[in-house]
Amino acid sequence: MIDRPPHITVQDFTMGYGDFVLMRDLNFTINHGDIFIIMGGSGCGKSTLMTILTGLKRPAGGKVFYDKTDFWGSGPEVRDRIIRRAGVMYQSGALWSSMTLAENVSLPLESYTALSAAEIKEVVDLKLELVGLAGFGEFYPSEISGGMQKRAGIARAMALDPEILFFDEPSAGLDPVSARRLDDMILELRDSMGTTMVIVTHELASIFAIGDNSVFLDVSQRTMTATGDPNKLLAESRDPTLHMFLTRGEKLT
Amino acid sequence: MTKPGEIILQESDDSTVTLVLTGSWKLGGIGSSAEDVYQRLQSLPTPSKIKFDSSQLSEWDSGLLIFARRLRTVCQTKNDVFDSSGLPQGAQQLLALAAAVPEKKDARKIESKTPFLVVVGNDTVELFHSIGKMLEFIGEATLALLRLFHGQARFRRSDMLMTMESCGGQALPIVSLISFLVGLILAFVGAIQLQLFGAEIYVADLVGIAMVRLMAAIMTGIVMAGRTGGAFAAQLGTMQVNQEIDALRTMGISPMEFLVLPRMLALALMMPLLCLYANIMGVLGGMVVGVSLLDIGLIQYYNQTVAAVRLWDLGIGIFSGIVFGVIVSLSGCMRGMECGRSASAVGEAATSAVVTAVVGIILSTAVITIICNMLGI
Ligand SMILES: Nc1ncnc2c1ncn2[C@@H]1O[C@H](COP(=O)(O)OP(=O)(O)OP(=O)(O)O)[C@@H](O)[C@H]1O
Ligand SMILES: [Mg+2]
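These protein sequence lines are chains A and B, in that order. The opening residue of the first sequence carries number 1 in my numbering; numbering runs sequentially from there. The opening residue of the second sequence carries number 1 in my numbering; numbering runs sequentially from there.
Bound-form chain A, shown alone (with noise of 0.2 angstroms):
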């Protein structure tokens, strides 16, 4: 385990929207089995960032390689093949608003399990249930709130027990009780399948209890200014603003 190379390298890494530079110069590495949190104040690209992780849009320069793979380099079969390992869930929710819960979460299993029904409807209820939405089957996506939303996608990015998990803010709009009970999922996930959490948040009590690796982006100087145990950041880092991000504002002593 310990000599594994590291799941996911950044490398001399830039994005943008057209001429629009967002953040440049990033280079972090993710480890297997790390809850890796990606911070920063709203609008600095963090969701983008995450979109190109999850192979949606090109980087403007820079590498991706995921185990040893370089991602961008390769052909689309290459990316397909890596990213059909990981499960995404979106800022939006996203769920396909034209089928009811059971029948997003059992989506990916039809495609890429040989499983039978009624053992799809088994792993359908097991993955509902994990996120706290027994019974909301039969429900459409338009028919629950905006806190369920988020947990029904959570429920399908875990559908197909990924190797990789990409949350984007997935204890926002949740109440505490059930943000808690998200972190421990989280942590339970890592500790016994191995699972790869790249988590956006910016729930300071959820970045101290789960995550063990993370990358700062500072919006001001379009680049990231830390990466590690945000514990440790929080206990060592002299940076005025990812102070100010990891105590709520507080100036620097």
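These aren't lab readings, by the way, just hints derived from the structure by calculation. Certain hints may be false.
Unchecked claim - Restraint-style ranges between C-beta atoms, simulated for each label pair: (1) GLN11(A) - ILE371(B): 55 to 61 angstroms; (2) ASP19(A) - ILE8(B): 49 to 55 angstroms; (3) ILE8(B) - GLU250(A): 42 to 48 angstroms; (4) TYR17(A) - LEU127(B): 19 to 25 angstroms; (5) GLY173(A) - SER62(B): 28 to 34 angstroms; (6) LYS63(A) - VAL355(B): 41 to 47 angstroms.
As the list claims (entries may be wrong) - Okay, derived cross-link-like pairs now, BS3-like style, lysine-lysine, Cα gap no bigger than 30 angstroms in a straight line: (7) LYS26(B) - LYS51(B); (8) LYS78(B) - LYS51(B); (9) LYS133(B) - LYS57(A); (10) LYS3(B) - LYS49(B); (11) LYS133(B) - LYS63(A).
Claimed, not checked - Some but not every residue of chain A turned toward chain B, in silico, with C-beta under 10 angstroms: (12) ARG84; (13) MET99; (14) GLU110.
Source: prediction; values computed, not measured. Note that CB positions come from ideal geometry on N, CA and C, so glycine has one too.
Please build the complex by placing chain B with the ligands on the supplied structure of chain A, with the hints as guidance.
Chain B with the ligands in isolation, oriented as in the chain A frame:
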């Protein structure tokens, strides 16, 4: 009740200006004196110090803040000293808060005027790009269709059946109405001319051939472009806005197979059936005119129609129907897939889907007609 906001300027000799605020400073209720103050301050010769006295101020809201903020900007350009300490406590805090996060200069949209020729040039290049994209989309759809024949395409049968229902059965009323009326109109217009020669019976030929060979397919195609093409674009566009299509992609499910293919198949299957139905309704429309106005017998009209319309005509009509079905579904899906991420983009996608489909229908009718002409059928 409360007096509108007024302002009194007190100048003292050490070039300090005190603004005495009186009355109610609320949005919309401020007297015109604010403008004068800017003017007078700007005309003051030397840099001065500006203070406030708000002891006679009865109430205030954003109106006061806007005034103070503008005044501060004026002072900054003139190097005046702006002292907000005389303002009400709350207003001072809000002003400080608004100044705390400086405006992000590079976040502003860059809007520059482009010369006319550049606009024309860009649009032309854009046109070629969009033709390229269209061909690419058609190519991808064809590949997806091939995968379907190999049994590899992934989509849900239920999606296709639902689409078939909504673009087939539910379209019957409007298709009936339109094609019945078109048949009726054709018969009317034809009858006036044919009566001159005493050849009323040929109204049956006219209506039969025109409907079966051409008009039924075109009218159905245009109805479906407005009804179903627009709906496809709006559906897929909304899915794009909700990132549902992104979610499909990251699942490794091709939106081409999962979303476009069932819609294309459904419409390509339903269009010929709708055409056939429109044929019958059109001939019926002609028959109503023939029997009621021209005194042609029912059986006679029927026999005349059957004798006039050849099987080829029917074949060409049905074939056109299939082509139009593919055109309508592809333009709807294409505009939906390339939709932007906002509600107005969805509206634009629906509009442009209908326009694309109608243009496509007319162009392909021309092509089919020319080819049939050359083949002599
Ligand atoms: N499609 C787009 N075209 C152009 N610019 C975009 C587009 N999408 C996002 N941006 C810009 O990219 C920046 C980053 O957006 P992004 O959604 O990645 O932010 P974020 O860090 O996820 O913010 P939040 O925490 O609010 O979700 C924004 O400032 C926005 O202006
Ligand atoms: Mg975001």
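Evaluation of the provided hints:
Remark: the range hint 55 to 61 angstroms for GLN11(A) to ILE371(B) is upheld by a beta-carbon distance near 56 angstroms. Checking the proposed 49 to 55 angstroms range against ASP19(A) and ILE8(B) shows it holds: the Cβ atoms sit about 52 angstroms from each other. Between ILE8(B) and GLU250(A) the beta carbon distance is about 44 angstroms. The supplied range of 42 to 48 angstroms therefore holds. Our hint of 19 to 25 angstroms for TYR17(A) and LEU127(B) holds, since their Cβ atoms are close to 23 angstroms apart.
GLY173(A) and SER62(B) have their C-beta atoms about 30 angstroms apart, which keeps the hinted 28 to 34 angstroms range intact. Checked against the hint of 41 to 47 angstroms, the C-beta distance between LYS63(A) and VAL355(B) comes to roughly 42 angstroms, which is consistent with it. A distance of roughly 20 angstroms separates the Cα atoms of LYS26(B) and LYS51(B); the hinted pair therefore holds under the 30 angstroms criterion. For the proposed pair LYS78(B) and LYS51(B), the alpha carbon gap of about 15 angstroms is at most 30 angstroms, so the pair holds.
At most 30 angstroms may separate the alpha-carbon atoms for a hinted pair to count; LYS133(B) and LYS57(A) meet this at roughly 18 angstroms. For the hint pairing LYS3(B) with LYS49(B), the CA-to-CA distance comes to about 28 angstroms; that is within 30 angstroms, so the pair holds. Restraint check for LYS133(B) and LYS63(A): the C-alpha separation of about 27 angstroms stays at or below 30 angstroms, so the hint holds. Hint status for ARG84(A) relative to chain B: holds, with the closest Cβ pair at about 4 angstroms, below 10 angstroms.
Residue-level restraint check for MET99(A) holds (minimum Cβ-Cβ distance to chain B is 9 angstroms; threshold 10 angstroms). For the restraint placing GLU110(A) at the interface with chain B, the shortest Cβ-Cβ distance is roughly 9 angstroms, inside the 10 angstroms limit, so the hint holds.
Going through the hint list in order, the structure satisfies each hint without exception.
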